[in-house]
Amino acid sequence: MGMEILIVDDEVEFAETFAERLELRGFTAHTANSGEEALRIVEECAAKVMVLDLKMPGMDGLEVLRRVKKAHPLVQVIILSGHGSEIDEAYGRSLGAFAWLRKPADFGDILEAVKRAEKLVTSGALQ
Amino acid sequence: MKQKHYYSSLTRNMTLIIILVSFTPLILLAALMGYYFETSYRGKVMEHLHELVEKHQQHINSFLDEKLSYIKVLADSYTYEELTDEAFLQNKLVILQNAYSGVFVDLGVVNSTGVQISYAGNLKLLNADYSNAEWFREAMKRDYYLTDVSLGLRRTPHFIICVKKKHDGTEWLLRATIDFVAFNSLVEEIHIGETGSALIVNGAGELQTATRTELMSNMAGLLSRTSWAANGAAPGTGPVVSSIAEVKTFSSGSNAVSGIVRSQNRNIIFILMPLKSGDWTLAYQQDQDDAFSEINHARVIAMVIFIFGCLAIVLVALLISHRVVGQIEKADLEKEMMNEQVIVAGKLASIGELAAGIAHEITNPVAIMVEEAGWMEDLLDEEDLQKSQNVDEFRRSLKQINLQGVRCKEITHKLLSFARKTDPLHHKIQVNDTISEILGICEERSKFENIRIQTELDEGLPLISASPSELQQVFINLVNNAIDAIGTGGGLLEISSRVEGDSVVVDVSDTGHGISKDVMARMFDPFFTTKPVGKGTGLGLSICYGIIKKLGGNLTVDSTVGLGTTFHVYIPIDAQTP
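Residue numbers (this note's numbering), protein chains in the order written: chain P, 1 to 127; chain W, 1 to 578.
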């Protein structure tokens with residue numbers, strides 16, 4: 001069982017495919033299709049890395065980020081933004097986002113960010 | 001666009017109001033002042049004439065009384081015998097003539113039968129028979145008598161003063177002839193202005209004096225109908241003048257009649273006063289125009305001033321209203337352009353939002369597509385699809401999907417960066433990056449227009465401090481203008497950056513149609529555009545100019561008609577940047 005990752009995106013197909021591709025590479029991927037669901041799942045599983053879409057109906061990415069970082073400061077969050085402005089990005093980074101990628105992001109880039117996050121988490125540097 | 005008609009009616013109304021408001025008090029004042037001034041002035045003139053004539057009336061009356069009293073004294077002082085002595089009489093005449101030169105012509109004593117029995121004078125009138133003379137008969141009826149002027153026996157105009165005396169039961173007359181010339185001079189003294197003159201007429205309307213001016217035709221009629229109370233009319237009734245159609249104004253008192261009469265198309269002032277207890281009338285006449293020449297003169301001057309004043313008012317009213325309405329029209333036009341601009345800006349903003357929305361909407365499907373393609377690539381590695389002949393084709397196809405996905409991503413990113421909200425905050429900017437970004441956006445369009453773009457960017461360009469979106473706007477405008485100037489014929493668009501003194505200089509040059517002198521004078525004016533209506537707002541260059549000026553830089557232009565145009569953008573290098 002590899003590293004647990006939570007994929008949060010309101011586009012179900014994207015989240016599913018992305019999860020499958022990650023699992024193909026040895027990760028254990030969970031998916032959530034809304035902010036509320038993401039907060040619930042992050043409580044249940046032991047995901048240490050989260051790939052979070054910024055723009056979602058209902059609770060948006062920034063709000064999820066804020067709550068997750070509050071409840072689980074160790075969880076590393078990689079943000080996928082559609083057209084987030086610099087101001088959003090600055091705010092997100094101030095909330096503790098690990099990486100900020102523009103959608104549609106290259107899978108390789110995301111994977112690279114995920115691996116960096118994994119390294120950070122597993123290295124124990126945060127403990 | 002409001003109708004031209006609206007402005008012309010506005011001008012007209014404004015002009016009319018100004019004219020009305022200015023004219024009403026002016027006319028009222030002029031009329032009122034004119035009326036009161038003229039009335040009082042006329043009154044004064046009439047009063048003055050009245051006084052003058054009255055003075056002469058008294059003068060003439062006293063002249064006559066005086067001469068009469070001399071003769072009376074002569075008759076009373078000396079006896080019939082003494083006076084009938086010609087030498088004595090001659091002596092008395094000489095005394096009188098010495099005292100009043102030229103007044104007394106001769107002296108004579110006439111007996112009750114009308115024969116002149118004693119005579120002193122130049123004429124040979126001794127024993128002249130006056131028994132049939134009218135004056136003799138009249139004189140015998142009363143104590144003394146003044147005759148009308150007549151030619152008499154001597155054939156020169158004269159009049160006679162007689163005093164009746166009694167001697168031994170028979171009556172005799174002492175008579176003296178008064179020279180007409182001497183008497184006439186009394187009246188001739190009354191001479192005012194051009195036409196004012198006086199004359200004396202007897203009860204029958206016959207002239208008693210020579211006049212320089214002829215008696216106006218109506219005067220005779222007027223005089224013939226005037227009778228003085230003292231002369232037979234019942235006492236207290238005053239002078240009576242029968243109305244004559246031509247008499248315009250008329251007033252009468254116990255001692256005078258005056259008024260204005262129309263004669264031969266002239267208004268003539270007349271004043272009549274009784275002389276010799278009403279036997280004669282002293283008549284004064286003067287042209288009204290002459291008498292009131294001063295006021296007429298004043299009226300002409302006032303009229304001229306009034307007319308020029310009115311002209312000035314009309315002129316000023318026209319000028320002011322034209323200018324004001326011109327300003328209003330200009331303001332309206334500017335407001336309309338502003339409105340249009342706001343609409344255009346709103347449209348642009350909504351297009352920007354729309355573009356951003358579309359870009360974002362496209363992002364997700366593209367992300368999924370790329371993701372799915374990636375998933376398929378992953379699967380290709382694992383499954384025994386490797387054995388398939390077409391595996392390479394699959395791989396190539398998926399790569400292509402990925403590639404096109406990346407292209408979509410680039411397009412949406414460009415759109416999003418363009419539609420991003422403007423950020424007025426200043427940042428440190430590498431101008432070269434901004435230029436590259438802009439060219440990325442404008443590339444497609446220039447390709448379509450067959451325009452080659454050349455850049456010559458100085459890699460060692462220092463940073464400047466500016467708002468990225470504003471700087472973007474400047475270069476987008478300049479590049480778009482350059483592309484517009486080149487048109488569809490194709491051409492070369494060159495952008496170069498360099499450092500010159502304290503500034504970063506960016507030159508944007510095109511091989512377009514160039515800018516003519518008169519356009520160059522106004523090209524930075526807001527709302528000035530050479531593009532067809534609806535195509536350009538006329539704001540592009542003025543906004544560029546404003547932005548660059550705000551940065552402390554400068555925007556200049558070199559242009560040759562037919563060859564092309566180069567814009568030079570000077571941006572000061574940020575002092576804090578190393």
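Treat the hints with care, as some may be off.
Claimed, not checked - Below, in silico cross-link-like pairs of lysine-lysine (BS3-like), each with a Cα-Cα straight-line distance of 27 Å or less:
{"id": "1", "chain 1": "P", "residue 1": "LYS115", "chain 2": "W", "residue 2": "LYS399"}
{"id": "2", "chain 1": "W", "residue 1": "LYS347", "chain 2": "W", "residue 2": "LYS330"}
{"id": "3", "chain 1": "W", "residue 1": "LYS4", "chain 2": "W", "residue 2": "LYS531"}
{"id": "4", "chain 1": "W", "residue 1": "LYS347", "chain 2": "P", "residue 2": "LYS55"}
{"id": "5", "chain 1": "P", "residue 1": "LYS48", "chain 2": "P", "residue 2": "LYS70"}
{"id": "6", "chain 1": "P", "residue 1": "LYS119", "chain 2": "P", "residue 2": "LYS48"}
Simulated from the structure, these hints should not be mistaken for laboratory data. This structure is a prediction, so every number in the text was calculated from the model and none was measured.
How the hints compare with the structure:
1. With a C-alpha separation of about 24 Å, the suggested pairing of LYS115(P) with LYS399(W) holds against the 27 Å cut-off.
2. Taking the CA atoms of LYS347(W) and LYS330(W), the gap is near 25 Å; set against the 27 Å cutoff, the hint holds.
3. Simply put, LYS4(W) and LYS531(W) have alpha-carbon atoms about 25 Å apart, close enough for the 27 Å limit, and the pair holds.
4. For the suggested pair LYS347(W) and LYS55(P), the alpha carbons sit about 26 Å apart, so the restraint of at most 27 Å is met.
5. In summary, the hint linking LYS48(P) to LYS70(P) is supported, as the alpha carbons are separated by about 14 Å, within the 27 Å threshold.
6. Only pairs whose Cα atoms come within 27 Å are accepted, and LYS119(P) paired with LYS48(P) is accepted, the gap being roughly 11 Å.
Of the numbered hints listed earlier, not one is contradicted by the structure.
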